[in-house]
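Each chain sits in its own coordinate frame; assemble them with the hints.
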Amino acid sequence: MKFDLQDIYKNDDTPETSELALKTDEPLNKSRKEKSAVLIIHPRPKRSDWLWYSLLIVVAALFIELVIDNPRWKWDIVAHYLFSKRVISGLENTLILTACASALGLCLGLIIMACRMSSNPVLKGFAYIYIWTIRAIPPIAMLLFLFFVSAIVPRIYLPLPVLGGNLFDIDTTTLISRFSAAVIGLALYLGGYSAEIFRGGIMAIEPGQREASKAIGMSDFQMMFHVVMPQALRVIIPPLANELITMFKSTSLVTVIGYVELLTTVQLIYSTNFETIPLLTVACIWYLFLTSIAMGVQSLLEWHFSKGAKR
Amino acid sequence: MNNNVTALQLNKETQPLLDMRAITKNFGAFTALDAVDFSLYKGDVVAIIGPSGSGKSTLLRCINMLELINSGTITFKGEVLGTEMRGERCIRAPKKVLDRQRRYFGMVFQGFHLFPHYTVLENVLAGPCIVGRKKRAEVTELGKKLLARVGLADRIHHYPSQLSGGQKQRVAIARALAMDPEVMLFDEPTSALDPELVNEVLDVMRELAAAGTTMIIVTHEMEFARKVANKVVLMDGGVIVDQGSPAHIFSGGGTERCKRFLSSLGLRENS
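For the record, the sequence lines run as chains A and B.
If you use the working numbering, the first sequence closes out at 311, no skipped numbers anywhere.
If you use the working numbering, the second sequence closes out at 1271, no skipped numbers anywhere.
Just chain B, same shape as in the assembly (with noise of 0.2 Å):
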């Protein structure tokens, strides 16, 4: 358990953003997590990698509940998420409680997500107008600014069809950010993309994660994990096998599964 007090030492902040413990998701008969710890510090930058079935998107969907889980604690702020307790039972919260603590993170999808059917403005501004009740003209300016963060000001009268890739994700981000969240999840965002689309993605998230902002991010891109992430997280069969700085992961980490990973990849590389 050294990694785990690598990791507390990252952060001067004692008290984590989000905490969740012992997390167990299943899939019918598969455990897709199985008793899973994790917490998040205000301002930390967390990349999720492991091979593809390790159940690091699971992790990150059941965070905003996009995936219920079957049994664990979720803690944001101190507030119990998705769950609430009746005597000694534990219950789901009401469906009002789970669309109010979503809105404590934004989601970024591999596969965009877009809404076809609005142009890149009315996506931005569908969370704020729709969710947060307000007036289109209100939060225009507010539209307007995040397009132009993520570089994309002349495309606002567009249709998602008439994007690339690369745009469709960048306007995915803005689209998630107009809601102001506390944490950024990105679930694999430049997986779905041209090999020449996916710096045009990652140098946006490189700009928030340099202004700030708290994200965790399940990727394949090793080379941005290490260079923008300050703590990386190696799952693997539903479990975390191994996390701490970039630095202690990418030099092999502490268990053996970790470099089994590494040397994996590294193989692919060399082929």
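So here's chain A without its partners, still in its complex pose (with noise of 0.2 Å):
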């Protein structure tokens, strides 16, 4: 036992040692060292792996068959509408009702995060309140509320106690379009859930962080700007990411208030030429391409904002 040790550290030193270890211990020394010149390994064969590839050619030749290749389908009528007018203007609507619903949505969900960790009692509870509404209520019946809103407050107005009159008064309609409507609909269901990520990313980074950014003289801000943030955001992105693209494929709720955008255009289109199937894939292959270039851009975000935690 003694000497095997030995030769185990000795193989890999200096050649007189070894040589030393030859004499000791020949034939189980020269076995080893002309085996560990060629013996490459190899990962062990699965012969499971074949039943995979074989599924697999099963899988594509059946979506050939089924889809590609299935006259039903009528991918002429899909590309004839894929770039047809009514059908990009239907995707112009999704995007710019997506980007403001956004933008919206993500200030509204950075002010209820700061509130939900406040100190304060009363915004703690606002902000608590706010997002136990927000998951409660269907997003379709969110949307037709506001859309009605006129029907409970019809005047929009803030009087003014001592000089008397306005300072402003609207009619609740004009304020409440169905643009509008959809995109404070969407930003305050975006709003309760991005709240959420946003706490949960800043909850991750250590209060170490902190303490040393509050030692070096840092305020509050300059402490969330320059270094929980920056480190919260690699946390954040891949569930913002999700709910980003979650909310642009939401937008199609908003046929409910009949505000048209994409999905809507689609439906709009086969109720009169009854050619379903081949507009819905119309449809799908835009979110399809629009929903890649959003991965693309969270890998590209993810890349960023993982600088200094790769070795």
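Warning: the hint list may mix true and false statements.
Quick list of in silico lysine-lysine cross-link-like pairs, BS3-like style, CA-CA up to 25 Å [as the list claims (entries may be wrong)]: (1) Lys-1095/B - Lys-124/A; (2) Lys-1095/B - Lys-1077/B; (3) Lys-1227/B - Lys-1259/B; (4) Lys-1096/B - Lys-124/A; (5) Lys-307/A - Lys-1095/B; (6) Lys-307/A - Lys-1134/B; (7) Lys-1227/B - Lys-307/A.
I should point out that these hints are in silico values taken from the structure, not numbers from a laboratory.
Values in this document were obtained by computation on a predicted structure and should not be read as measured data.
This is the structure:
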């Protein structure tokens, strides 16, 4: 046993020592040396592998048969509508709605997060109730509520207590269009959900980072902006990207208040020409395309904010 | 109270730089500091020793207000830290004032707490650039000089994750020095390090002490405390039980508790 151990160590050592070792225990050492020179270790072949490869071929064949080569899918109609004026303008509406609701929703999320994490019980309670409400109410119900808010609050005005008269007085119906109701409704949702994502990201940063920032004299804002947020973003980006991509599909919900975005557009088209499947395919191709872009941007951001995390 | 007299005699200046009077800190029902009095003079190197949970880190963290005291007064160069009087009532000073007052002190933590998204140089420049609002180009030289001082001139563009524990702690010291603090606070700076890395950090601290930096060091390194400090404070149960010159403390001090603590260390060394 003793010799064995010594050989193992001496093998990689200087030639003299391994020669010494050879004399003491020649046959064992020699065979080990020869083998280590030629033996390359390969992964163990898995017999299950071929099963998955053949399954892949079957699935690919089915996809070609049922989707690509299927005349009932009517790819010529898909191609015809993919870049048609109506579809593109619907797509534009989807993008504008997503952009506006996302921007507003993220700002709202930051505010709600700040309230939720504040030490003031009033702000904390407000944020808590807000998140609770948003989680409870189905988005379609919320959109309808907002659209019909003029039925509950016909006029929005701010009276001036001493001077008399109103600072402003607006008819609610002029304020709430299909578009603004859609933006506000979706933003309210994103606000609630992203607030929790932001909070999770900030809580993931160890308290030592704040103490170190404070110890060199940073203000709360400097600490948040320069130390906490850049690190929290690494944690925040994946769930936030999820939420934003969901948002961009949720825009299709605004069909209930009659705002014409991508999905509503194709629904309107197939309700007249009955080409349901090809038109839904058109919408899905656009959603796939836009989601790919969003995921590309996500990867870029993740790479950017992983600075210092890799070795 | 003989000990206080000997401590005072170590310094020729009579006006303390930092003066803490009757400091009490509670964590819920637990009293971490119980009416502690502590003074620091310019150029002092004070080592705070004692068993874990004795309140030594808490005392250090109360000085730069990472923990806010529940009662007592901290005065730095005659300026009251962290509180102000509103008539008869003592209330906390606004956050802005606390942020400014923290700049009198540089702090080095047990867990380093470097900013992982910044390079070594950016970590050191974080104070001057973000807090001091200086242009990066103005302070780059200062940053490089400080990193050379802690022996890391060749690591300035590395990220903290690429450094060893000892190197991280030396960057943390350079980061604290970059704000040009009047007092350096060290909270168990070598406790999280592998044994072979402890000395590279202690060497830097030794060099700082030799250059006349005023320092307070919470430490378990008794040999270091004995050789580098000019005053040793022994804490237990949230109070200072003994203080004085290293010779005084390590020869048994003036109290029974001090002797017990030293003998417990002796036992640990023998086993």
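For each hint, the structure was consulted:
Taking the CA atoms of Lys-1095/B and Lys-124/A, the gap is near 20 Å; set against the 25 Å cutoff, the hint holds. At roughly 20 Å between alpha-carbon atoms, Lys-1095/B and Lys-1077/B fall within 25 Å of each other, so this suggested pair holds. For the hint pairing Lys-1227/B with Lys-1259/B, the CA-to-CA distance comes to about 19 Å; that is within 25 Å, so the pair holds. This hinted pair checks out: Lys-1096/B and Lys-124/A have alpha carbons roughly 23 Å apart, not beyond 25 Å.
The hinted pair formed by Lys-307/A and Lys-1095/B fails the criterion: a straight-line CA distance of about 31 Å is larger than 25 Å. With a C-alpha separation of about 24 Å, the suggested pair Lys-307/A and Lys-1134/B falls inside the 25 Å cut-off, and the hint holds. Proposed proximity of Lys-1227/B and Lys-307/A is contradicted: the alpha carbons are some 41 Å apart, above 25 Å.
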